[in-house]
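Given chain A, put chain B with the ligands in place with the hints provided.
Chains as they are written, first to last, in the numbering used here: chain A, 33 to 495; chain B, 13 to 348.
These aren't lab readings, by the way, just hints derived from the structure by calculation. It is possible that part of the hints are untrue.
Residues from chain A shown here face chain B by an in silico Cβ test under 7 Å; the list is partial [unchecked claim]: (1) G125; (2) I132; (3) A140.
For glycine and all other residues, C-beta sits at the position ideal for the given N, C-alpha and C.
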Amino acid sequence: MMETLLLSRIQFAANISFHILFPTITIALGWVLLFFKIRYNQTGQDRWMEAYRFWVKIFALSFAMGVVSGITMSFQFGTNWPGFMEKVGNIAGPLLAYEIMTAFFLEAVFLGIMLFGFRRVPNWVHTGATFLVAFGTLMSTFWIIVLNSWMHTPQGFEMRDGVAHATDWFAIIFNPSMPYRFTHMVLASFLTVSFLIAGVSAFRWLIGGRTEGVRVALKTAVFGAALLMPVQIFVGDMHGLNTKEFQPAKVAAMEGHWETGGNVPLILFALPDQEARENHFEIGIPNLASFILTHEWDGVVQGLNDFVAEDGTILHPRVAPVFWSFRVMIGTGVAMLLLSWAASFMMLRRKRGVEGLPKPVLYALVGMSFSGWLATLAGWYTTEIGRQPWLVQGVMTTAEAVADVPAPMVLSTLIAYLVVYALLLSAYIYVIFYLARKMSRGEDIGTRIAPAPAAAPNAIPAE
Amino acid sequence: MNTFGDPTIWLPFVFAGLMGLSILIYVVLDGFDLGVGVLFPFAEEDEKDMMIATIGPFWDANETWLVLAVGLLLVAFPAAHGAILTALYLPVAIMLVGLILRGVAFEFRAKAPAPHKRLWNNAFFAGSLMTSLSQGFMLGMYIMGLEWTLVNAAFSLLTAVFLTVGYSFIGATWVIHKTDGALQAKSVDWAKGGIWGLVLGIGLVSMATPLVSTRIFDKWFSWPEALLLSPLPILSALLVFALWWMLRRMPFTHDRVSWLPFAAASSLWVMAFIGMAYSFYPYVVPEQLTIYEAASAPESLFIILIGTLFVLPTILAYTVLAYTVFRGKATELRYD
Ligand code: HDD
Ligand code: HEM
Ligand code: HEM
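For reference, chain A alone in the conformation it holds in the complex (with noise of 0.2 Å):
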């Protein structure tokens, strides 16, 4: 059984880091997608429609990538975590009953128009099917977000014979932790994107094709990445502000502390050790963690042995592997800043727009091509592991929910998951850098899935 568990919860890690990919590029390209539309529309200049014409292939291949990897989370419950519906059903299964039919079959049945419908129907349908699936890929993340955040700060409901009842629907949508996480996600999506959309524009830059069109997709990218990332910040830090007042826990796990004090220090560095429960190797700045948690210099700041309980049972999660992804996103939010605040300064001065950045600003751009992923994942898995080991925080513990499936059974599906997501993550990335360098050479890149047929007497026309 134990095995069980732990093979289902690194499956379950495995799916789910697969598939966030995925719609954290989509939720924000579908938006990026439309501005580029709408200028179009109203310039007429040809480089929005260039740009546009780009990225929508990329849109269109993340957005399968996000569906096929999404059908397997829905499979998930049922087939590893059955406890999970049988007590919490009641709450977690309208909501993404809603996310089904309010969010999935928006997105389905617009993309196809919004794909291969541009001869087929006016602009302004177009224009308008654009928009709803953008519009489609953030309810998606809305109904999750709320089923997630209500995962870590249930209200509004009451358990009965050990299942969960709802009793407060404006209660379980709008709980405590899911504005933040909803903006923070939302936030990340469009880093996400800004920042893949700077890395491959620049790649293109670089090689030589310096159309308008990468001019502006580059500038957009760039400009956008440079106002959203403090917002972010700001954000990020009423996020954990909210934690710090629902699971202190993780907060606790998140910062590396474990005696509870005043004039903490912010930990930049060190190796938590949770059999001696103590750090090594730390490297902090003094006082900066009271400050950041309190916003006072002296304040009093919750430790890690605070949640031991008298018999030495452990009630908070494992220490390293929460404060060492909260350190990578930190890490990489930082990166973000200092990058794109750099390039839009060089862009700036004089006007000199892409011809101000230098070579290794350009490398750097296309080395942080995929850094949002990097830091959604980190976030992600700071907020999933320090919520161990509950499920439904204070509800349900993630051993409960787990399936009497055989171990060797989950083994051999998680092995086959890895293998494929291994390929095609690769296939993904080297078809985005291929596009890339084929438009690049200036040839056609494929705006056709599929040639016409030799005759087509009664087809209806093109336009």
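Just chain B with the ligands, lined up with the frame of chain A:
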């Protein structure tokens, strides 16, 4: 709520109906695009592009009906959802890998470098085949009561093959409708071949189901039910005959009624599905758990139902819109 009678009775019934409806829509819609994938190896390279063009704008929405069906099972009958999916753990995993492969192959085959295209075509075929086979296998296991025995597994292997044939049949009728010329002629041949497999498959399932359970046997072969149910087999036989007759003569002049085989094939699915639903009602886990025992709390079901009443018609409306925008013979799929 009591003005509507007892909500613990009618709500599960309504949700079983909704779930049945989405499964039915799923097997017809994703049935045809999975079928097109299964037929891939029989087509020439250039015909493959055309076949993709017939399903390109639709496949994503088609698969969403599966998400809705599983979603409804999950939200309305949580206990059954766990029981069914853990029992079918391996076939579900194979199906998911299949769905992943075919879903991404759509995109990759058009974007990857030309030499890789063959590879993605193969992935598309393999994914479609894995999906169809595992769905057929799950159908068989479900009929046999979800018990892993040798006999049941053997029976399920048969249903796996027959459902795959069924999907390729409906896929072929879809291609007949959406194409013309050589490819259309070829699809007529595919459909002609598939129809016998289909008849065999439906026959096998219809015979096996009553034999597995005396309860189901009694439901079908007692008076007056037998009389009331007789239209089902009779209509199905007529449909098969009509299909056989039509396919031997297609394509008609000016390609008239090219949609008719697809419509007839879909109706045949509907008949088969009604028969199955009648057999298994009121059980959601065969012979173990009824829909009334497995249902979620009425308050939660009610919340979902209110949404469904608004949203489902909207979904149907814009699904019709999408099929209207892409009506007629398939043409080149392009992004601009
Ligand atoms: C591009 C992605 C990205 C970036 C640059 C940041 N984050 Fe983040 N962070 C996320 C992406 C993310 C996320 C993936 O979206 C998470 C996981 C769950 C959530 O709601 O957001 C998250 C979680 C998360 C949490 C944990 C919430 C919990 O306890 O449940 C905190 C406290 C922060 N973030 C704070 C920050 C701060 C102060 C940042 C400033 C540098 C920051 N994040 C940058
Ligand atoms: C999208 C980004 C997400 C990522 C990367 C992520 C990651 C993870 C990880 C790494 C774990 C394992 C924690 C551990 O076992 O130590 C986990 C647990 C879990 N998460 Fe998330 N999560 C995400 C979002 C969600 C959402 C939206 C939901 C619910 C709707 C969810 C539901 C769960 C459940 C049910 C578990 C328990 C299973 C387990 O412990 O592995 N997660 N998640
Ligand atoms: C346990 C958690 C999750 C489940 C069960 C799940 C399920 C699904 C399913 C079934 C789809 C395909 C929909 C279709 O057929 O069109 C999908 C797509 C999507 N999901 Fe998830 N998902 C989960 C987590 C998340 C998270 C954490 C996010 C974002 C924060 C997210 C955002 C999206 C978006 C935007 C799509 C649209 C398709 C795309 O962009 O690729 N999902 N999800």
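Comparing the hints with the structure gives:
1. G125: Status holds, d = 3 Å.
2. I132: holds, 5 Å
3. A140: Hint holds; A140 of chain A Cβ to chain B Cβ min 4 Å, cut 7 Å.
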